[in-house]
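Novice: If you want the building blocks of each chain, they are given just below.
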Amino acid sequence: MKITESTQDNIRIFRPQGRVDSEGAVDLEITLQEAFEAGSHHMILDLSQVTYINSAGLRILAARLTQNQGSGGDLLVASPSQKIRRVFQIIGFDRFFRLFDSVESAVQAF
Amino acid sequence: MKNSVLEIPADLNNLEVVRDFVREQVTDFALSEEALEDLILAVNEAATNVIVHGYRYKPGMIQIEIKGGLDDSLHVCIRDQAPLFDPTNIPPPDLSLPLEKRPFGGMGVHLIKTLTDEVKYCITSQGGNELTLVKKQRED
Numbered sequence: 000m001k002i003t004e005s006t007q008d009n010i011r012i013f014r015p016q017g018r019v020d021s022e023g024a025v026d027l028e029i030t031l032q033e034a035f036e037a038g039s040h041h042m043i044l045d046l047s048q049v050t051y052i053n054s055a056g057l058r059i060l061a062a063r064l065t066q067n068q069g070s071g072g073d074l075l076v077a078s079p080s081q082k083i084r085r086v087f088q089i090i091g092f093d094r095f096f097r098l099f100d101s102v103e104s105a106v107q108a109f
Numbered sequence: 000m001k002n003s004v005l006e007i008p009a010d011l012n013n014l015e016v017v018r019d020f021v022r023e024q025v026t027d028f029a030l031s032e033e034a035l036e037d038l039i040l041a042v043n044e045a046a047t048n049v050i051v052h053g054y055r056y057k058p059g060m061i062q063i064e065i066k067g068g069l070d071d072s073l074h075v076c077i078r079d080q081a082p083l084f085d086p087t088n089i090p091p092p093d094l095s096l097p098l099e100k101r102p103f104g105g106m107g108v109h110l111i112k113t114l115t116d117e118v119k120y121c122i123t124s125q126g127g128n129e130l131t132l133v134k135k136q137r138e139d
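Protein chains in written order, with numbering that gives the first Met the number 0: chain A, 0 to 109; chain B, 0 to 139.
Same shape as in the complex, but just chain A (with noise of 0.2 Å):
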């Protein structure tokens, strides 16, 4: 899975391309799990290039969450399909996460 990652404000912002599921996540977890114990809690999820996402997906994304959010960080999500956000909601995880329409109103919700 190819990832861009950036920075804005202190704030890692990862950028995903493609499913975040069973066969794309690990990739994912890999990369959010190093940024964490580099020291980056603040992150952002911009799922606009993300076709795909599945409950092995979430289980990744809701752990890194926990974990963020120990450390007095978080994670938020921006640019979801409808069809991402519908995963989210029918899982519950729109309880948890702070989904947002864009990068940018994303950053500004920190």
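In case anyone wonders, no lab produced these hints; they're calculated from the structure. Don't take each hint at face value.
Unchecked claim - Among the chain B residues that face chain A by a calculated CB cut under 7 Å, a handful are:
1) Leu11
2) Thr47
3) Leu94
4) Leu98
5) Gly107
6) Thr113
We treat Cβ as the ideally placed atom computed from N, Cα and C, and that holds for glycine.
Assemble the complex: chain A is given as a structure, and chain B must be docked to it using the hints.
Specialist: Structure of chain B alone, referenced to chain A:
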């Protein structure tokens, strides 16, 4: 519609083949794009469960059959020879629990049940698992 069958090794790398198969085989069925995406996601979850929890990443085969039901509904049957397990018995997750207390098992089955109109389980004549996902035809 005529029945279509795909038989492939149980491997996460083959999920794309499964998704493409579903997409290609239901073209003559009156499903909206959203309903088709829901069905593909549900089949993908079910096949993933077979690979990860059924076969536990060990070699095995998955058979996927797509057929029309008597009431014009679409049936996707997912068959495997992994240890017998009826996922329809898994209770729905308690969505009111805080994240740290949410058991992550059962999320995929909850997705499957939500994204389809009916989920049925039976044991095949060969003694394997058969999970059938039913999607109703669009009413218009």
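Novice: Decide, hint by hint, whether the structure agrees.
Specialist: Here's how the hints hold up against the structure:
1. Leu11: 5 Å, holds
2. Thr47: At 5 Å from the nearest chain A Cβ, Thr47 (chain B) passes the 7 Å test, so the hint holds.
3. Leu94: For Leu94 (chain B), the interface hint holds, since the closest Cβ of chain A sits about 3 Å away, which is under 7 Å.
4. Leu98: 5 Å, holds
5. Gly107: 4 Å, holds
6. Thr113: OK, holds: Thr113 (chain B) within 7 Å of chain A, min 5 Å.
This entry satisfies every hint, going by the numbered hints stated previously.
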